[in-house]
Amino acid sequence: MKSSLIFGLWLLKGVLGDPGYKNFADITCGKRKAPTRTGRVVGGENAEKAEFPWLVSLTRRGGHFCGGTIISEKFVLTAGHCLCTGIDQDILQASSIKITVSQYDLTIKNTDAYQVSVKAITIHPGYVCGKPKDDIALLELENTLTWSNSALPACLPSSKSGDDYTSLLAVVAGWGWTNEVTDKGGRADIMQKAKLAIISLDKCREWYKSQGKTTKIKDNHICAGYEHGGVDSCWGDSGGPLMLDMDHSEDQTMVIGVVSTGIGCARPYLPGLYTRISDYISWIEEVVEK
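Counting with mature numbering (1 follows the signal peptide of the UniProt record, and there is no 0), you get residues -17 to -1, 1 to 273 for the letters of the sequence shown.
Among the hints, a few may not be true.
[As the list claims (entries may be wrong)] SDA-like, lysine to any residue: derived pairs with alpha carbons at most 20 Å apart: (1) Lys14 <-> Lys92; (2) Lys92 <-> Thr42; (3) Lys16 <-> Asp234; (4) Lys32 <-> Gln235; (5) Lys57 <-> Glu272; (6) Lys92 <-> Asp172.
[Claimed, not checked] The following label-pair restraints were derived from C-beta to C-beta distances: (7) Gly247 <-> Asp147: 33 to 39 Å; (8) Asp95 <-> Asp234: 17 to 23 Å; (9) Ile10 <-> Lys196: 39 to 45 Å; (10) Thr94 <-> Lys199: 37 to 43 Å; (11) Thr197 <-> Lys102: 25 to 31 Å; (12) Gly195 <-> Thr127: 34 to 40 Å; (13) Val111 <-> Lys273: 19 to 25 Å; (14) Gly69 <-> Trp130: 32 to 38 Å; (15) Thr149 <-> Ser100: 38 to 44 Å.
It should be emphasised that the hints constitute simulated quantities derived from the structure, not laboratory data. Built from N, CA and C at the ideal position, the CB exists for glycine as well.
Model the full structure from these sequences, guided by the hints.
Written out as structure tokens, the structure reads:
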């Protein structure tokens, strides 16, 4: 499964019109610091501090292994495959995972970043470890988060209606690898971001087939990337957010996808696959509001 970023290009918003959104928190969701252009890093760029205040780092044994999205003061959204042990269908113990909030640079300890323990793991009932279908999960936190400029909730789509994002430009962010070939690019220490074009599922399936790939691209996927590759999520970014700006807003964002899977990283005709959140809003509501 994929997880990290091979970046490029500056954030360009995707305008959604008026799709509606779901807020599971007790404050305004999706508010972020407006970005300013930064220098390029391995074909991409650093995010600003607090630019994506809902993005968290999942850590185990002291090391980052996946991303996640704050959706309320008690819940983080991530990918199901992030929680598989790799042994049969075994799932990680909640007690083995920490959520690092307000994280920006993984190498600096004296920051606003702090860790929260996980109380419970809920993986979508349709997910099977090693398979791409229903790759989504929720983490319930032991303690309630305290909101700050660097720790805020994301907005999610309100329903499946109006979720054809084809041809819009989305943004993905995280701390993953900067090259599929690990000796050509290591894991990013500073949060990275990249813009990706959203590809229709029919076109995405056509491209995968042209490369001899039999990956099953489901209707509950979002496909994002470029015909000639070069920009993608990769190893270590799994579970993190795929985002679009809302309603002509420069400072409010909706998380529409969860980094899930793909073939390698940033290969031509093989864009990344993201779990389409709008298909799972009812399930998320059931878990969060029970």
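Problem - Unmet hints by their number, sorted upward, for this structure - result: Numbers 1, 7, 11 and 12, in rising order.
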